[in-house]
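Starting from the two chains in their separate frames, assemble the complex, guided by the hints.
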Amino acid sequence: MPESKKLNRILLVTVLLLSIIGILMIYSATNNIEYSYFYHNSYLRQLFWILIGFIVMFIISKVNYVVWIEISYKLYFFALFLLVLLFIVGKSKFGGLRWFHLGPFSFQPSEFCKVVLILSLTRFIVDNKGKIELIYGLLKTFLMIAIPLVLIVIQPDLGTALIFIPVCFFVLLVGGVRVKYLICSFLSLLILSPLFWHLLKDYQKRRLISFINPESDPLGSGYSIIQSKIAIGSGGIFGKGFLKGTQSQLNFLPEHHTDFIFSVIGEELGLIGVSIVLFLYYLFIMEGVKIAICAKDKAGKILATGIVFMFAIQIFVNIGMTLGLLPIVGIPLPFLSYGGSAFLFSMILVGILLNIHYLSVGKFK
Amino acid sequence: MVLERLQDKIEEKRFKFITVFISFLFLILFIRLVILQIIENEKYKKLAESNSIRVIPERAARGIIYDRYREKLVDNIPSFTVSIIPADLRNKEKVIEKLSQILNISEEEIYEKLDRQKYKVFEAIKIKGNLNSQVISVIEEHKLELPGVLIHTEPKRNYINNDIASHILGYVGEVSLSEINKGNYYLGDLIGKSGIEKRYDSYLRGVNGATQIMVDSRGREIKIVGKKASSKGMDIMLTIDLKLQRKCEELLKDKKGVIIAMDPRDGEIYAMASKPSFNPNMFSNPLEKESWDDLISNPDRPLLNRAIAGLYSPGSTFKVVLACAALEEHILDLKDLFVCHGTYWYSTWNYNCWKREGHGSLNIIDAITYSCDIFFYQTGLVVKIDKISEYSKLFGLGEETRIDLDGEKKGLVPTAEWKERTFHEHWMPGNTIQLSIGQGYLLATPIQMINVYNIIINNGTLYKPYLVKFINDREIFPEVLKRVSLRDDTLNIVKKGLWGAVNKSGGTGWRAKSNFNIAGKTATIENPHGPSHASFIGFAPFSAPEISVMVFLEGGGSGGEIAAPIAKSVIEEYYKLKKERYARK
Chain G
501 MPESKKLNRI
511 LLVTVLLLSI
521 IGILMIYSAT
531 NNIEYSYFYH
541 NSYLRQLFWI
551 LIGFIVMFII
561 SKVNYVVWIE
571 ISYKLYFFAL
581 FLLVLLFIVG
591 KSKFGGLRWF
601 HLGPFSFQPS
611 EFCKVVLILS
621 LTRFIVDNKG
631 KIELIYGLLK
641 TFLMIAIPLV
651 LIVIQPDLGT
661 ALIFIPVCFF
671 VLLVGGVRVK
681 YLICSFLSLL
691 ILSPLFWHLL
701 KDYQKRRLIS
711 FINPESDPLG
721 SGYSIIQSKI
731 AIGSGGIFGK
741 GFLKGTQSQL
751 NFLPEHHTDF
761 IFSVIGEELG
771 LIGVSIVLFL
781 YYLFIMEGVK
791 IAICAKDKAG
801 KILATGIVFM
811 FAIQIFVNIG
821 MTLGLLPIVG
831 IPLPFLSYGG
841 SAFLFSMILV
851 GILLNIHYLS
861 VGKFK
Chain E
2 MVLERLQDKI
12 EEKRFKFITV
22 FISFLFLILF
32 IRLVILQIIE
42 NEKYKKLAES
52 NSIRVIPERA
62 ARGIIYDRYR
72 EKLVDNIPSF
82 TVSIIPADLR
92 NKEKVIEKLS
102 QILNISEEEI
112 YEKLDRQKYK
122 VFEAIKIKGN
132 LNSQVISVIE
142 EHKLELPGVL
152 IHTEPKRNYI
162 NNDIASHILG
172 YVGEVSLSEI
182 NKGNYYLGDL
192 IGKSGIEKRY
202 DSYLRGVNGA
212 TQIMVDSRGR
222 EIKIVGKKAS
232 SKGMDIMLTI
242 DLKLQRKCEE
252 LLKDKKGVII
262 AMDPRDGEIY
272 AMASKPSFNP
282 NMFSNPLEKE
292 SWDDLISNPD
302 RPLLNRAIAG
312 LYSPGSTFKV
322 VLACAALEEH
332 ILDLKDLFVC
342 HGTYWYSTWN
352 YNCWKREGHG
362 SLNIIDAITY
372 SCDIFFYQTG
382 LVVKIDKISE
392 YSKLFGLGEE
402 TRIDLDGEKK
412 GLVPTAEWKE
422 RTFHEHWMPG
432 NTIQLSIGQG
442 YLLATPIQMI
452 NVYNIIINNG
462 TLYKPYLVKF
472 INDREIFPEV
482 LKRVSLRDDT
492 LNIVKKGLWG
502 AVNKSGGTGW
512 RAKSNFNIAG
522 KTATIENPHG
532 PSHASFIGFA
542 PFSAPEISVM
552 VFLEGGGSGG
562 EIAAPIAKSV
572 IEEYYKLKKE
582 RYARK
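Respectively, the protein sequence lines represent chains G and E. All residue numbers for the first sequence refer to the working numbering, where the first residue is 501 and numbers rise by one. All residue numbers for the second sequence refer to the working numbering, where the first residue is 2 and numbers rise by one.
Source of the hints: derived by calculation from the structure; they are not laboratory data. What you are looking at is a predicted structure, and each value in this text was computed from that prediction instead of being measured. One or more of the hints may lead you astray.
Selected chain G positions facing chain E (in silico; Cβ < 7 Å) [said to hold, decoys possible]:
(1) LEU673
(2) GLY733
(3) GLY736
(4) VAL774
(5) VAL789
(6) PHE816
(7) LEU825
Simulated restraints on C-beta separations [stated by the list, open to error]:
(8) ILE29(E) with ILE772(G): 17 to 25 Å
(9) PHE581(G) with ILE223(E): 51 to 59 Å
(10) LEU585(G) with ILE29(E): 33 to 41 Å
(11) ASP627(G) with GLU480(E): 47 to 55 Å
(12) PHE738(G) with PHE18(E): 31 to 39 Å
(13) ILE520(G) with SER138(E): 56 to 64 Å
(14) LYS465(E) with ILE588(G): 28 to 36 Å
Beta carbons: idealized from backbone N, C-alpha and C, even for Gly.
Chain E extracted, bound-state conformation (with noise of 0.2 Å):
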């Protein structure tokens, strides 16, 4: 009864302690209330009655992005914009039928702007951005036919470089209506489309500022209310090399094609070029739609990034894979000889060797060196489509490389069960031939060939190839993205292949032997469009390789012919610039 007694008292006390604690909420938020509608009275008054608050933002300039010298290659200059505030538009019609005359952008257009934010009437709308100042003083001196029409300026994006590089940096554009509700945009905000300022864009994008200002009757400023500074995104340097990339791009003038060098031993690009390309600077400015519709429609697809996204056979850059699933498998060895005639027969189908007139009998040290294709598709046979699949997968093929760029395409490395599946046909003995040489179904992009390259450089281990080394100051550290694991005798054996090829006589990569020691791998792909395809994948050196380079020209010819001269090019350059660095430190 008593511990009862107790207990209700305690209760008691709560639910007064509870009662005065509403109490005082309701007092707090009527005494705030008294305070807001009565002492405060005349000055919100007076704020509200001219409706005379103005936002203007202020646009956050981009990070700049560095090549790994320091060398900039993308900055912001200024630009002057157009924009309207809707609140003070007055003769609305009218002003905007002016505008557009002015802007040279239809009516329509103007009114879908000010529409999208129309909730928004305080805020400067922009209209239009990268103004010329011959436009800024026509519409300066119509001012008083303009009201609510407003000149500022806002940072704008600089290629310094025009079109070198443009794949990897990509390029720039107004956020779109779905880009705006998926973060923190505004309209008028630049947004990474592609390449680097893509994948990198929120490191990039700066934070907005706005002034807050406060105006007269006849929108005319009178002091500023608030005001928060925009802030700059972070700055970004590449592992590209700006001089190498630029002699990549002089290489491949006029081509279709790839360059990419990297170091195989830690995946840091030092270059790579894809051409046909474009200039980003186009972007930067409001892009005609005939330019638009130029490049995409344009048959060469100047945007696309062959060495990420570029599907490819790789022809007979491929046999490498082959040589080591063979080797590592225990099927071959050194002692192994094929002998090639310039044609085999399989039941009652020939088969070419590139070399019509043959090869004689080689091992497979030779078969490399020489390209022998029989000696290739006779092996093959012996490994079989699964051993050759699963070898191919090993060494990265129809997988992404994870290289910090958007858009990379997978390729394919077919199976018998895939063939099943999508032509409803049983895998052939003349499918595992074509194969054997690169050719047939398997489609790989250059960048992961080069990969395969770089893992058998590297002795089984594989780098994630990438191109961003800083981010402000933070260091990105290069990340092992696979280890094969490979006897050895199998890597000692491809590498003199491989070695033969440029620096032994008649070994097909002759075109690229050089003081530096390069080796590496031609390969002529049959295309059934034109004339082949011209690669060449090599290294250097040879001893202790610090450079991997990847030559794939689309309607080149001969690999050995045309791709391993530039891959020697490419390969000269780097230790020039190399050797120019070091004279002048």
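Isolated chain G, as found in the complex (with noise of 0.2 Å):
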């Protein structure tokens, strides 16, 4: 069987050229004298984990993924030991723990088990061909979802937990489940969302409320949401300039190098900016859809598809919450956000992705 002998370019150069403007706006994001005290060189450090993270890739990218779809389990266990030790650990602190220290390096567990619980949902869906569209095997897949899905909720960490169930939603339509039986458990979802919102912290509850009605707090996150506005608002169609966004400049914007990187680019890059930033999401996405399509095996398919998602949802979700569409929940933008644990992850994903590219059949266009 002939395989496609090299890597797929287009995913390569988006990433590449994503990172790219990642490091440049963080590095307007921060390069202000008194914001460079807290976070000196952060786009240096940025820059450090972007090669880690393609030489992470690359290498992923040699590895069978079968190999990944074999192990799920075992990670899935191990990432619940981390998640558990996690609370255990962080029941001692105030407002919960999100971060493993081990020196200089801090680590995410929900970073670690956004990638285990899509390799592991796929070898679930692929062990269990033909009972998963059964109303039973699909509660046993619900059941494997929500055990991490909770222990991340009360982290806590609502927003990773969140992009969790779209994704989820679309890897089982790949998997071939009855339509009829995703859209009633959506639904059952919904009606018993009201049940989560005591499982939410304080301020969780205030954001969504004040995503409602964002005049309700101007001092908390409602605040975030309309200076996130102002600044991509004001940037208009050329934008003020790289280093030059005076809402950014002026750390009118929180947390402008992480979560709200994209109201700096939209504020200094303007709408020409983002679109181009857009458009690399896009065609990134796209290709990722390609290949999911294009895949040698079932297995493939969903894997990919579970990939892609993850990266749309997120996306979705952390430019919807800049421009005020989605509450605030503290999702980074994938490439582009300031940290190293959720590039390395990110980058681990793509490495994947390649894999699935380079095993597929001849049939890729």
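Spelled out as structure tokens, the structure:
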């Protein structure tokens, strides 16, 4: 069987371009004197992580993705173990804990979970071919997803947990589950959601309320939404120019080198800049969908779909948040936001996607 | 084959849906961007160019604290606060120099405060609160030289009765940096630092509001963009009776010590006075460093709530625990007599009774009534250390009473094993002898000791002592802390002894005798650092007790002479107030 011998160029180019834009914008967001005191040389650190990320991506792209699927259950239980450990360790600290600190490195288990859940979900669907379509099999799948999700929600990291729901929806769709079951479960989740309200921390409740009515909380998250909209809106078509965004430069925007990096782009590079970013993301995602369609087996299709949606939903939720379309949930923008852990795991997913493409039969156009 | 085709077809359809779906998501984002950046561009440009939004926090008022009869103990009064909006600071150095002169605080302090919130340059940062109108008028006069300086009012905590009940109420202060990180606090927020203010802080503190105003290029307000009203914290009603509390504090005037008055039937605390005390209003005003140092370094430790954190040898009031142990374990009964000659020889050591001429021969009831030390030395030696500490723990010594205040001490119930561990020495009979009259290693807080008596009064049931009766409309109900199983005859014997101590001639607590049928026990505790500590724990009426009182005076002298009359005054005041309230109804 002829294999496409090369790594997918479109993926490589889009990711590289996005990473470069990310570094430039992180530089812009942290370059002012007051701020750089705290975030000294953030862009250099990000550059370091990008290099590491690309190396890891190349290595992963050479590893047959079936290997990951095979060890996925072990990884799944390891991830559960980490989450429980985090819960126990975090209990002593007020407001919970999302990170492990190992010397100079910090590591966020929910990032790891994103990868592991897609892998083990793929394995589960492939293993239970024919059963997954039935209600019983579906319930078992939900249970498998629900355990880590609840652990992530109580961390508390509502954002990451919420992202899984649409991702799982589409993975199951490609996995062959009947549409009416999926719609039913989606609806029942909607009905059950008031129950989850009680699980939320106060600040998360406030964020959701302030999303519906930003003026209700001008001190807290409503403030961030308004400021982000001002930054992007004032950017206009051409933007205020690199390093010239008044909103971002004056620290109007909270977290502007991490979760709100898109607002900085919107302000400084304008509609043209953000359109380029959106276009790069669109190219990347569509290439991913193509890879999913052309994957050599069912497992590859499902895995690729999961990865693609993991990215697509994160992109949509993060940008939607900066545009005031969605509540603030603290999801980074893939490849652009500052943060080593998130970038590294994104690159692992890209590596797997590259391998699925690499091994796909010649039908890839 | 056909089936596979069908599946392929389904899959194709689904992937088509996925493509459309994702494209749709991107389209939404793009349309939104066009709306913001092209259609609404002008509006946002204006907002951004003038950097025109300022945030002025509106501090929430804390809940009111009432006594059990709805008498206000703590409320809030408005006070002037000066804040700075960093973005509007022009001539930063000059303005800060000027402001530091007017406010009489160092420039460094202002810089430090600005530094703490350096990422919120459009938000008013509190510099100093609780300013008098003179200072405010000076600032108003120099307004033009002070761009970016803002005056507004904030609620300030007002302790209506100054130092009355200060240890119960506690005090508030501005949040420290470490506390800010623990919860949803803003710089300049008030947080309870001790007492009810601390323990119930999450209820008492409200939710801050804020106003977002749009200003012109010179920092003048144009319009209000957003407003969120602050909401006041929850009100709290205490179990404390202010009038009785006031009486207790008067009785302790110029003394060092504790009075606790409570209901043994449910654990409600009517009064809990600890002296010396402090005036919590001091902390509402910006505290001068010297007065803080005074409070901290004062050897009398006025901030210490002696009722829950003062560790003392309980002395003779402890004898009832030993009596219960001896009776419950069938080691003693009414027929057993010990003889007291005033001195007791154990091997070559001699131990005295407080009454040097001796009590003669007496049974356990009389031993409690006349507080004979020698009776209890010998009882202790037969009951033995293991049982004594077992019963001490049974009566709640050595563990927290879980009263709703922070800073409670556990005290110490010594055991042979404890001594071995701590001093690497064996437990000696001399240690048991000292322990038998509540001295030596034993340490207890006044609240623990009144609990010991509450157990006896209440026939073995102990309620958790508590101070908060209502949080807003939610009632806090009494909670049983433990049930100690004691036989009726044990209880009767001990109670008879306690009745005799006050009501029989020659009883050590005779000065507490009153029409209200008081019973109780005195203690005069040897104090190596000065005069003896005086203590009395009593209750009334004997037949169906509704109030128990603990008096402890550091260096007060004789328990019978000094503490018993004070306890009597407290109980009489309680009945007097009860009668007045009844008459009014």
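Going down the list of hints, with the structure as the test:
{"no.": "1", "hint": "LEU673", "verdict": "5 Å, holds"}
{"no.": "2", "hint": "GLY733", "verdict": "3 Å, holds"}
{"no.": "3", "hint": "GLY736", "verdict": "5 Å, holds"}
{"no.": "4", "hint": "VAL774", "verdict": "6 Å, holds"}
{"no.": "5", "hint": "VAL789", "verdict": "6 Å, holds"}
{"no.": "6", "hint": "PHE816", "verdict": "5 Å, holds"}
{"no.": "7", "hint": "LEU825", "verdict": "6 Å, holds"}
{"no.": "8", "hint": "ILE29(E) with ILE772(G): 17 to 25 Å", "verdict": "19 Å, holds"}
{"no.": "9", "hint": "PHE581(G) with ILE223(E): 51 to 59 Å", "verdict": "57 Å, holds"}
{"no.": "10", "hint": "LEU585(G) with ILE29(E): 33 to 41 Å", "verdict": "39 Å, holds"}
{"no.": "11", "hint": "ASP627(G) with GLU480(E): 47 to 55 Å", "verdict": "53 Å, holds"}
{"no.": "12", "hint": "PHE738(G) with PHE18(E): 31 to 39 Å", "verdict": "37 Å, holds"}
{"no.": "13", "hint": "ILE520(G) with SER138(E): 56 to 64 Å", "verdict": "58 Å, holds"}
{"no.": "14", "hint": "LYS465(E) with ILE588(G): 28 to 36 Å", "verdict": "30 Å, holds"}
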